[in-house]
Amino acid sequence: MSAPRRGPRRRTRERLAADAALTALAAAFALPLVWLLLSSLDPDADLRVRVPSSPTLDNFSAVWTDEITFTPMLNSLVLCGGATALTVVCAVLAAYPLSRYRSRLTRPYLLTVLFTTCLPITAVMVPVYGLFVRVDLIDTVYGTALFLATSQLPFAIWLMKNFMDGVPRILEEAAWVDGASMPQTLWRVVLPLMGPGVTVVTIYTFIMLWGNFFVPFMLLLSPDKLPASVSIFTFFGNYGSVVYGQLAAFSILYSTPVLLLYVLIAKRLGGGFALGGAVKG
Amino acid sequence: MRARPVRWLPLAPATLLLLLFLAGPIGYCVWISFTDMQLTGSSGTSFVGFANFRRAFADPGFRNAVWLTVVFTVLSSIVGQNTLGLALAALMRRASRPVRTLTGTLVIAAWVLPEIVAAFLLYAFFRREGTLNAILHWLHLPTQNWLFGLPVLAVSFANVWRGTAFSMLIYSAALAEIPQEITEAAEVDGASGPRRLWHITLPMIRRSIGTNLMLNTLQTLSVFGLIWAMTRGGPGRRSQTLPVFMYDQAFLKSLLGYGTAVALLLLLVGALFSVVYLRLMRVEV
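Chains as they are written, first to last, in this note's numbering: chain A, 1 to 281; chain B, 282 to 566.
There's no promise every hint is true.
[As the list claims (entries may be wrong)] The following residues of chain A were derived to be distant from chain B, with all beta-carbon distances above 10 Å:
no.: 1; residue: L41
no.: 2; residue: I68
no.: 3; residue: T199
[As the list claims (entries may be wrong)] Beta-carbon label-pair distances, calculated as ranges:
no.: 4; chain 1: A; residue 1: D136; chain 2: B; residue 2: P484; range: 54 to 60 Å
no.: 5; chain 1: A; residue 1: R102; chain 2: B; residue 2: P379; range: 32 to 38 Å
no.: 6; chain 1: B; residue 1: V557; chain 2: A; residue 2: T256; range: 35 to 41 Å
Hint data in this document are derived by calculation from the structure and do not stem from the laboratory. Each residue gets a CB set at the ideal place from its N, CA and C atoms; glycine is no exception.
The whole structure should be built from the sequences, with the hints applied where relevant.
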């Protein structure tokens with residue numbers, strides 16, 4: 001009978017040990033983030049974590065200009081917003097027959113989609129560049145948006161189909177009996193019932209595209225078309241002496257939208273399994 | 282129900298996009314990898330058979346890139362993200378609520394942050410005058426010029442910092458599904474922590490381990506921005522993994538045919554992992 005008696009005390013000890021270990025790990029994960037926050041407030045920021053002697057918002061006002069912040073952020077919004085809209089519309093349309101009708105082709109189609117989800121998209125960028133030069137899509141925002149949309153499409157279809165499977169068919173059948181057409185059923189009955197699912201796919205797609213660096217880095221050339229993901233790199237890579245504080249301030253401005261959006265959908269994505277295949281850079 | 286083609290019409294836009302912008306480039310990739318296409322000059326492109334591939338396997342730069350990709354993947358994905366993710370998930374089950382929330386938030390924030398911001402933060406962390414050396418100095422430990430001396434280690438750590446959240450989420454879900462009674466029974470029988478881990482926990486989550494290793498590896502194979510922004514593959518070629526090598530050959534050296542052959546090899550490795558992953562998951566659709 002010794003085990004139950006020893007139980008609670010051991011449990012407390014285990015909890016303390018786990019707390020200590022996790023706190024140490026959390027500190028290691030926090031250090032780069034702390035640097036970001038402190039440097040953005042420090043007019044003389046350098047590369048190490050340091051509490052600013054006289055914290056100001058000067059770095060933020062220095063980057064708060066058309067050239068550094070507004071144009072790239074607006075470019076990002078147009079590029080990623082357009083691509084996200086296209087992805088979500090195509091994914092909803094594709095998910096409907098895949099979820100509702102049976103055919104010999106459904107399974108191979110879905111397996112191909114899942115297979116594509118896992119492919120390293122980075123490897124496709126060289127031929128995409130070659131192809132874009134050929135068909136004159138290079139340095140066009142719509143061309144880049146079309147490719148970005150396609151790159152997220154497999155996962156969006158997969159996720160959307162799973163959400164749609166959760167909507168019972170009974171209601172649609174009632175609508176069909178009343179003489180509704182397929183587009184009407186999709187628009188009036190199915191979509192309203194899977195609102196949260198569509199929201200998750202939309203936000204997730206947008207977050208992925210907002211952070212995407214390689215695709216616009218390859219396909220867009222004109223400085224005035226570059227989204228924030230690339231403009232921050234040119235700012236960081238090409239300036240002779242980098243003003244670290246300003247760079248940190250801009251990083252914060254650029255990251256804030258996706259951090260906020262993630263908080264919005266975190267609960268529904270928390271399981272981790274829903275994300276299978278979703279982590280390509 | 283009769284087969285009515287019009288019902289499948291909604292699949293058309295997505296299928297069209299996937300064919301034009303994904304299947305198309307992959308097919309084009311197969312074609313140019315067998316040619317000597319160059320970016321500059323209008324000397325014309327001719328078919329060269331397997332020359333690009335023969336050249337790749339004979340090229341020390343390529344072999345270096347393959348080796349570094351293996352090192353980077355093993356260090357950051359298999360050892361780093363996987364083990365640390367499991368450790369975090371396991372510790373979080375025992376920890377108190379505030380510590381759990383705090384750790385989870387920080388690890389996930391590192392994951393949600395855009396790639397280039399993450400690269401920039403870790404560049405600052407690993408620089409000679411950066412935070413890591415400041416801490417080591419304070420602890421009276423030897424400092425290092427990390428990005429110069431051990432660039433692969435630095436970018437691997439960066440990838441662990443950025444990618445561990447995914448493993449943590451997968452393992453948290455997997456551990457939550459282990460029935461409580463089994464662990465408790467083992468505890469009453471006097472099984473120690475390590476033995477419980479080895480004989481009960483690991484076998485019960487083996488499918489999650491497989492999924493996680495596969496997805497981590499696929500993600501790590503395609504990392505470009507993180508490495509490019511931190512080291513540009515340097516110094517010399519000492520952190521030039523396959524994606525960076527591919528970019529360098531195709532664009533900086535203008536050898537589009539050769540760069541594409543490298544891309545095709547990368548794609549084939551990815552496809553192989555994907556197939557294994559799909560089989561391992563025994564996906565139900």
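Review point. Taking C-beta pairs only, is A:I68 more than 10 Å away from all of chain B?
Key: holds, 15 Å
Review point. Does the Cβ distance between B:V557 and A:T256 fall inside 35 to 41 Å?
Key: Distance hint for B:V557, A:T256 holds at roughly 39 Å.
Check your understanding: Falls inside 54 to 60 Å, the C-beta gap from A:D136 to B:P484?
Key -> holds, 56 Å
Review point. Minimum Cβ separation between A:L41 and chain B greater than 10 Å?
Key: holds, 15 Å
Review point. With d taken as the least Cβ-Cβ distance between A:T199 and chain B, does d exceed 10 Å?
Key: At about 17 Å from chain B, A:T199 clears the 10 Å cut-off, so the statement holds.
Exercise for review: Given the range 32 to 38 Å, decide if the beta-carbon distance of A:R102 to B:P379 lies inside it.
Suggested key: violated, 50 Å
In this structure, only the earlier hint numbered 5 is contradicted, and the remaining ones agree with it.
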